[in-house]
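Protein chains in written order, with our numbering: chain A, 1 to 309; chain B, 1 to 309.
Hints may be right or wrong, so weigh each one.
Because identical chains cannot be distinguished in the list, a pair is counted as satisfied if it fits within a single copy or across any two copies.
Claimed, not checked - In silico SDA-like pairs for lysine to any residue, Cα to Cα no more than 20 Å straight-line: (1) 295 to 148; (2) 195 to 300; (3) 295 to 237; (4) 195 to 168.
The set of hints was computed from the structure by calculation and includes no laboratory data.
Chain by chain, the residues:
There are 2 protein chains.
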Amino acid sequence: MSEWVTINEVGPRDGLQSLGKVLTVEQRLQLIQGLVDCGIAAIESTSFVSAKAVPQMAGATELYRQLPNVANVRYAALVPNLRGYNDAVAAGARTVNVVLSVTDTMNLKNINMSLEQTAQVCSDIMKQAKADGVNGQAYLAVAFECPFEGAVSTDVVTEFAKQMYSAGAQKIIIADTIGAANPARVITLLTQIAKVLPLSQVACHFHDTRGMALANVYAALQCGVREFDTAIGGMGGCPFSPGASGNMATEDAVLMLEQMGYKTGISLHELTAVIGTVEGLVERKLGGHSYNWLKRQYLQNNEQGAHCG
Amino acid sequence: MSEWVTINEVGPRDGLQSLGKVLTVEQRLQLIQGLVDCGIAAIESTSFVSAKAVPQMAGATELYRQLPNVANVRYAALVPNLRGYNDAVAAGARTVNVVLSVTDTMNLKNINMSLEQTAQVCSDIMKQAKADGVNGQAYLAVAFECPFEGAVSTDVVTEFAKQMYSAGAQKIIIADTIGAANPARVITLLTQIAKVLPLSQVACHFHDTRGMALANVYAALQCGVREFDTAIGGMGGCPFSPGASGNMATEDAVLMLEQMGYKTGISLHELTAVIGTVEGLVERKLGGHSYNWLKRQYLQNNEQGAHCG
Numbered sequence: 001m002s003e004w005v006t007i008n009e010v011g012p013r014d015g016l017q018s019l020g021k022v023l024t025v026e027q028r029l030q031l032i033q034g035l036v037d038c039g040i041a042a043i044e045s046t047s048f049v050s051a052k053a054v055p056q057m058a059g060a061t062e063l064y065r066q067l068p069n070v071a072n073v074r075y076a077a078l079v080p081n082l083r084g085y086n087d088a089v090a091a092g093a094r095t096v097n098v099v100l101s102v103t104d105t106m107n108l109k110n111i112n113m114s115l116e117q118t119a120q121v122c123s124d125i126m127k128q129a130k131a132d133g134v135n136g137q138a139y140l141a142v143a144f145e146c147p148f149e150g151a152v153s154t155d156v157v158t159e160f161a162k163q164m165y166s167a168g169a170q171k172i173i174i175a176d177t178i179g180a181a182n183p184a185r186v187i188t189l190l191t192q193i194a195k196v197l198p199l200s201q202v203a204c205h206f207h208d209t210r211g212m213a214l215a216n217v218y219a220a221l222q223c224g225v226r227e228f229d230t231a232i233g234g235m236g237g238c239p240f241s242p243g244a245s246g247n248m249a250t251e252d253a254v255l256m257l258e259q260m261g262y263k264t265g266i267s268l269h270e271l272t273a274v275i276g277t278v279e280g281l282v283e284r285k286l287g288g289h290s291y292n293w294l295k296r297q298y299l300q301n302n303e304q305g306a307h308c309g
Numbered sequence: 001m002s003e004w005v006t007i008n009e010v011g012p013r014d015g016l017q018s019l020g021k022v023l024t025v026e027q028r029l030q031l032i033q034g035l036v037d038c039g040i041a042a043i044e045s046t047s048f049v050s051a052k053a054v055p056q057m058a059g060a061t062e063l064y065r066q067l068p069n070v071a072n073v074r075y076a077a078l079v080p081n082l083r084g085y086n087d088a089v090a091a092g093a094r095t096v097n098v099v100l101s102v103t104d105t106m107n108l109k110n111i112n113m114s115l116e117q118t119a120q121v122c123s124d125i126m127k128q129a130k131a132d133g134v135n136g137q138a139y140l141a142v143a144f145e146c147p148f149e150g151a152v153s154t155d156v157v158t159e160f161a162k163q164m165y166s167a168g169a170q171k172i173i174i175a176d177t178i179g180a181a182n183p184a185r186v187i188t189l190l191t192q193i194a195k196v197l198p199l200s201q202v203a204c205h206f207h208d209t210r211g212m213a214l215a216n217v218y219a220a221l222q223c224g225v226r227e228f229d230t231a232i233g234g235m236g237g238c239p240f241s242p243g244a245s246g247n248m249a250t251e252d253a254v255l256m257l258e259q260m261g262y263k264t265g266i267s268l269h270e271l272t273a274v275i276g277t278v279e280g281l282v283e284r285k286l287g288g289h290s291y292n293w294l295k296r297q298y299l300q301n302n303e304q305g306a307h308c309g
């Protein structure tokens with residue numbers, strides 16, 4: 001089996017935004033360079049928002065102009081509104097992400113807008129991106145469960161997937177914001193979505209809050225999904241469940257994919273090494289479930305003769 | 001979906017044996033009672049070995065005579081040889097486990113016997129158990145990868161599964177001793193084994209060394225396996241990969257199974273609470289990937305209104 005799976009690294013945006021520490025533009029570029037050097041070819045690099053609201057993302061234009069290896073890496077910019085979209089495109093962004101939480105309460109609590117309003121804004125941005133020849137990607141957040149409204153119906157998610165796709169989104173990302181999905185629900189939802197758009201244009205963003213992220217990736221792979229969001233070292237927790245895991249660790253996903261025979265283009269050795277570098281930058285211990293094993297496998301001399309692997 | 005899945009709790013034997021601390025018989029019974037109170041109905045309670053070799057398992061006969069709720073819980077005893085088998089049966093054991101590592105080097109390094117010798121001993125015990133009306137279960141260890149010999153062929157594992165089954169084993173447990181399996185390999189191996197014995201008589205023992213235990217459980221479920229070994233709080237590491245995970249945490253497996261609609265008969269609330277009790281007994285922090293979320297879900301008052309659940 002030698003099918004390709006795209007790992008979309010969200011550490012520089014989603015991961016950093018969740019952490020307290022504010023990195024300079026230079027530090028963020030250093031982080032991104034480290035990831036690119038591992039072979040990562042899709043990165044959510046920053047968001048174009050008010051620096052006052054999200055200081056971790058200040059200097060997005062400056063960052064965008066210095067991104068490394070732009071010819072071979074798909075860099076995406078998160079944009080919350082048309083103004084952010086225009087700033088992103090002016091800065092050179094060729095791929096833009098919008099986020100639509102699929103329940104009213106989540107939108108109201110998160111960004112003080114109704115579901116209908118947010119859907120309209122996202123739709124407008126996707127249409128504009130399409131018209132401008134910019135790659136538009138639409139996230140459907142709390143796609144399995146909303147922390148306020150509970151379980152989300154697959155009909156609702158499918159309807160919004162269709163809406164964003166019709167508006168011109170080139171990719172729909174199903175985001176399990178609070179890590180509530182399980183493999184059976186993943187299959188159910190993706191099977192339904194597959195009736196309204198090709199799964200080659202669907203990606204998944206799983207959280208590991210309940211420990212099921214990799215199992216969910218496997219279920220999604222079985223359905224035909226070939227792109228997943230991950231964060232280096234599992235950077236970025238669950239804001240609704242303090243102490244619990246958030247983003248799935250890039251190294252965990254790459255390890256499983258590579259061991260199953262998929263191609264990611266990413267070097268596990270380099271990835272394992274770069275986690276230490278990132279830890280230094282964010283001043284926090286990182287590492288997914290496989291990190292200890294990966295360090296032993298790739299970073300230590302093993303003199304016993306016995307080894308796992 | 002309301003199919004039953006059996007969780008076989010190995011904390012009291014496999015888990016404890018990996019930890020340094022030696023618990024008294026009374027403490028081990030306290031641990032077991034706590035697990036039984038959660039609804040766990042299959043437990044690997046102890047092993048019948050020399051107390052000098054394995055002090056954590058001393059007093060096995062005394063323990064067996066005081067096991068709680070024997071009418072409703074399937075208690076198993078690990079036995080390394082016919083002497084241990086006889087001691088176990090004399091103590092009242094109705095289910096016995098043997099372990100056959102499927103490579104020569106693993107047997108030689110582990111117990112100083114060849115593969116052929118160990119297979120013979122295990123086979124003899126299975127035959128004796130069958131003759132005595134005792135439930136015999138055979139573990140096939142390093143079933144995916146041996147720390148010394150590398151990847152293990154599915155033909156070899158299948159051959160030994162057939163051999164143990166023919167000798168009278170009522171259950172064959174496929175044990176991924178160093179956590180090297182991935183979902184694709186799980187499917188390949190189980191599909192082959194299904195040709196020589198019914199998968200209703202096969203269980204899986206996955207380790208989480210590389211983070212894939214739950215994904216592997218899901219793959220095995222898809223094949224028709226309905227029994228899994230787990231350890232409360234993920235007790236017991238990987239001796240070949242210090243610092244890395246070993247046993248899959250009972251709470252992680254039960255959470256996924258229950259969320260997918262399977263019945264385990266186990267209360268997640270009680271399970272979450274008992275982890276704290278076990279931590280007190282073994283004097284070590286425990287908890288699988290879902291533990292933080294479980295604690296928040298079941299053990300804390302959540303006053304914000306917002307919750308992940």
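Now for the hints, and whether the structure bears them out:
1. 295 to 148: Cα proximity of residue 295 and residue 148: across copies only (19 Å, versus 39 Å in one copy).
2. 195 to 300: Classified as neither: same-chain Cα gap 48 Å, cross-chain 41 Å, threshold 20 Å.
3. 295 to 237: between (22 Å within a copy, 16 Å between copies)
4. 195 to 168: within (17 Å within a copy, 49 Å between copies)
Hint 2 from the earlier list is the only one contradicted by this structure; the remaining hints agree with it.
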